[in-house]
Every structure is written in C-alpha cells, then in structure tokens.
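Enquirer: With these hints in hand, go ahead and build the complete structure from the sequences.
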Amino acid sequence: MAPIPRPLPPGGFTFTTPPSASHLNHPTSHFLSIPLKGSIKPQGLAGGALVFSKSAPDGLDRILLLQRAPHDSMPLRWEIPGGAIDPQDESFLHGVAREMWEEAGLVPRRMVCQVGDATKPPHVFLTRSGKLVLKISVEVEVDEGSGTAAVGEEGNGKWKGLPRVVIDPNEHVRFV
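For reference, each letter of the sequence shown is one residue, going 1 to 176 in the UniProt record's numbering.
Keep in mind that a hint or two might mislead.
Stated by the list, open to error - For lysine-lysine, the following BS3-like pairs were computed, each having C-alpha atoms within a straight-line distance of at most 27 Å:
#1 K54 x K131
#2 K131 x K41
#3 K41 x K135
#4 K37 x K54
What the hints contain is simulated information worked out from the structure, not anything from laboratory work.
This one's a predicted model, so the numbers in the text were calculated from it and none came from an experiment.
Expert: Shown next as structure tokens:
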C-alpha cells in the first residue's frame with residue numbers, strides 16, 4: 001500500500017508566475033494532447049523543481065538534491081524534487097508545487113522559468129511499464145529559512161539561512 005502523502009499546506013499554493021513561465025500554467029491534459037514527434041503523444045507528465053539558495057552563511061550558491069529511498073525504484077539515486085503531475089492538479093505548475101511540498105516540505109514563492117533549451121526536443125523517458133512520459137523542469141524560488149535546522153542538524157550552523165527541508169522518509173533518505 002502506498003504511503004499517504006503529506007496534506008497540502010493551509011491555504012494551498014499561492015506562488016507567482018512571471019511571463020517566462022506562463023506557458024506552463026496549463027492543466028496536464030494540455031501537455032498530453034501535444035504530439036512530441038509526428039503523432040506520438042506523451043502518456044504521462046512529470047515535473048522537476050530546481051531550487052537554488054544563495055543565503056548560505058558561506059556565501060556559496062546551493063541547489064537542492066534529494067537521495068531516493070533504498071526500497072524505491074532507482075534506489076539511492078540523487079535527484080531534484082519532482083514527480084508525476086496528476087490530472088487533478090490545477091496546472092502543471094501546481095503539480096510541481098505539490099511534489100515539492102510532498103517530497104521536501106517546501107512551498108514555492110515564485111515559478112521562475114522552464115529550464116533547458118527550447119530549441120531542442122523535450123526530455124522524455126519510458127517508465128518500467130513502458131509509459132512514455134514528458135518531463136519538464138522549472139527553476140523555483142522558495143522562502144528562505146529563518147535559520148531553523150533540519151531534523152538532526154540542530155547545533156550545526158551550515159543550514160542557517162537555508163530553506164528548511166523536511167523529507168518524506170518513504171521517498172527519500174537524505175538531502176544536500
């Protein structure tokens with residue numbers, strides 16, 4: 001039985017979307033109706049969130065990576081937050097927001113832009129069951145942390161000023 005996902009934050013998601021990301025503010029059905037090449041259409045949609053932080057005490061830029069759980073598919077692989085965009089999600093961007101919340105406990109403030117070269121073919125992959133999935137990644141800004149340490153990191157100043165990440169142990173085992 002699949003674990004119950006983390007309930008949505010009170011008030012839902014109220015991120016902003018600049019013109020550079022407005023083309024992603026469509027429901028899943030929109031993306032699944034557009035042929036990738038010829039008449040081949042994706043059967044699923046996935047989203048990824050590139051979360052950068054420039055507030056670390058050492059002044060170095062950071063990108064959030066999560067390590068998959070050992071019992072999950074692709075065990076212990078490092079990845080950005082993200083996953084399947086559900087037909088019930090209000091839009092692709094709301095699906096990315098939901099995945100960020102479920103996997104890392106982060107609430108997006110602003111969906112910045114699509115990541116990748118728009119002149120190249122989109123990123124697609126086959127699932128283990130043979131389903132063709134279109135994956136789109138987005139740069140996302142989140143509210144920076146107030147210095148609250150992640151679980152197990154109390155007393156370690158390296159997390160001060162970074163967003164507070166709370167991983168779901170059913171999906172991931174650690175983050176950097």
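Enquirer: Which earlier hints turn out false for this structure, listed by number in ascending order?
Expert: Violated hints (numbers, rising): 1 and 4; every other hint is consistent with the structure.
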